[in-house]
Structures are given as C-alpha cells and as structure tokens.
Amino acid sequence: MEDKIRDIIGSHARLTVSAISLPEDADLYAAGMSSQASVSIMVALEDEFGLEFPDRMLKRSVFQSIASIRAALCEIQSTAAV
Amino acid sequence: MGDHVSHPGTIGLTLARFTPHERPQWLARSAALLNAAELGRVAAITDPDARARHAVGRALVRLIGAQAAGCGPMELEVAVTDTGKPWLPELPDLHVNVAHTLRAVIVATASVAAIGVDIEHPAAATVQPLRVAQRLFASDEVSALHELPEDRLADWFTSVWTIKEAVAKALGSGIIPALSEVVVDSGDAGLTLAAVGSGPPAESWTLHQLVAPGGSEKIAVAVPVPGVKLAQVTVLTLSGFARAASGQGATERTWSRSARRRASR
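Heads up: the protein sequence lines correspond to chains Y and L, in order. Residue numbering for the first sequence follows the numbering used here, starting at 1 and increasing by one per position. Residue numbering for the second sequence follows the numbering used here, starting at 1001 and increasing by one per position.
Derived from the structure by calculation, the hints contain no laboratory data. Accuracy of the hints is not assured; some may be wrong.
Covered stretches of chain Y (chain L as the covering partner; in silico rule of three or more C-beta atoms under 8 Å from a C-beta of chain L) [what the hints assert, rightly or not]: (1) 11–22; (2) 26–37; (3) 40–48; (4) 71–78.
The beta carbon of each residue, even a glycine, is placed where N, CA and C say it ideally should be.
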C-alpha cells in the first residue's frame, strides 16, 4: 500500500523532492503540496484502491502525510470488510 | 502600501511575486518582520518556495495591518485561527486573507465582511481536472467542462477552483466540501456564482476574477456582500517591498483594467 501511495504522491503532489525518499510522517504541505494537489491525490487514491473517502475524512489533516493517508485508507478498508 | 485604508468600502489586493534568484532576499526581508511563533512556522516548511511565500504572506499582513493601525509592523498583534489563518484582533474592521501559488503571494483586504482570496497558476493545476470535477463538482459544472476543447480544460478548471476556494475561505469552511457546495455557472456572462451551499445566497456575494499582473496566475476574491468594488491591485517589487519593510514606503505599480479584460476573455 505504501508504495502505491508514494507513486500517487509522486504523480500528483508536484513536490520538488522525491516521494520515494519522503519520511512517512513528513508534512506534505510543508513539502510544498497545494490544496489542489491534495484533492488530486485523494481522487487518485480512490481510483487506485477502489474506495471512496467518506465526508468526515475530507479534511486537510487526512492528506497531511503518507502515514495519515495510509491510516485513513486502512480505516476505510476495514470498515468495508465488516 | 496601496490604498487599503483610504477606501474602506473596497477590496484591496496586494501581490508579490519572486524569482528563484530573489527568493532568499524576500525571505530575509519578510523574516525580519515576523515574531518567534511566526518564524517557527516558517522554519517548519521544508520546500524553499513554500517557505518563502508563507513568510512573505505573513509579512504583508503585518505591513498592511500596521499601515491601517498606524503602528510598526512588529507592534501589530496578529492572531491565527485553528486552521492557521492570520487575523488582526486590534483591527476588527480590517479582514485579511492570504493565498499563494508557486512563487506568487496575494493578500486581500476588506472592511465590510470576511474576505476570501485564491490564486492558482494554471501550470500547477491538477493533472486530472476532469476526474476531480466528476468526483466533486456539480453535474452542470461537469457538463460545462465536457463542452470545452482539451487545451482549455486546465484554464477553466483553474478559474473555477479559485472561485470555490475564495468562497470557502470567506466562509471559513474546508475546501473539499466547498468544491461540491459552491457551484459556478459558466454562462454567457462568464463564470458566476450559482450556489454557495450553507453560506449566504449566491446573489448576495461580490466576486471578482482577474489575471495576476505580469503573470498568468488566476485570482478570485469573494465577500458575502453585494456590490463591493475592487481597488487597484498593488504589485510589490522586491525593492518596493524592502522599502515598505524598512518603513520608507513602497514603490508600487497599480494595475486593474488591462488584466480584468484578460480575465474576462
């Protein structure tokens, strides 16, 4: 999952640093990610993982780091599996 | 520093744009105006352009607020909301909002109501505008997007995005919900507000759209009050900013008509 998240960040976040080398808790906004890029990442994640972020997750903090994105995806997948 | 004080009934816009070569000087001049907490936030930003534009935005808020308050920029109290947006407790009639893209920063001011501004460079637009619109925009907006030639998609998307984000910022709401709740009509009159979700009704808003002087960034500014005029845009050069920061006043170029014509095309 983390590799796919990094691939999507690399394609959509328009960062000047490599998404591969980013620490998982690095603040993506501090690394230069715009609000528009975060939304692009959100949609790409939904397409890649075949899920939809619920409204309560449509907030800045969910897309702040690789770790926060992974936690949100895991939560959505575990909820769907119940 | 512009005419934010002399025309309280208007919207004021101050634009700063830096080159990679000028970036260290903009950052240093800005940092000299910031307090320890602000400098801490600047230092936490790892991207050089993002760090500089954040610092410049905060410095501009101090300069504009200080001009209105009649004090030095370092003497001005600048508070931040829970989401990190600056506001001026000593100046309840001076609403400020900051936006940035790539290497451009804009600060909007209004006295009549909370104001929202957004600036976006088309080159920084999402790589999948149609997919984002399908997921989050209203069906009428997606239909309008489908009718556009491919080479106009990014331009249209950028303009519509700036409007939605400007309205969201004026309301103090999150951008992602606003992408669905704020609806933009692409009619013969250009882009206009069709719906604002839970905010004041669309017809009660003032919305201005323009292209940044000397560049191609799209700007939208919104206030939930009708008929508020846009004053001339103040464009700060590095030397003008340096003079303003040192208390010697700014050399500025003002602009409005030509870029508004470009924005309306």
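Check your understanding: So which hints don't hold here, by number, going up?
Key -> Number 4 only.
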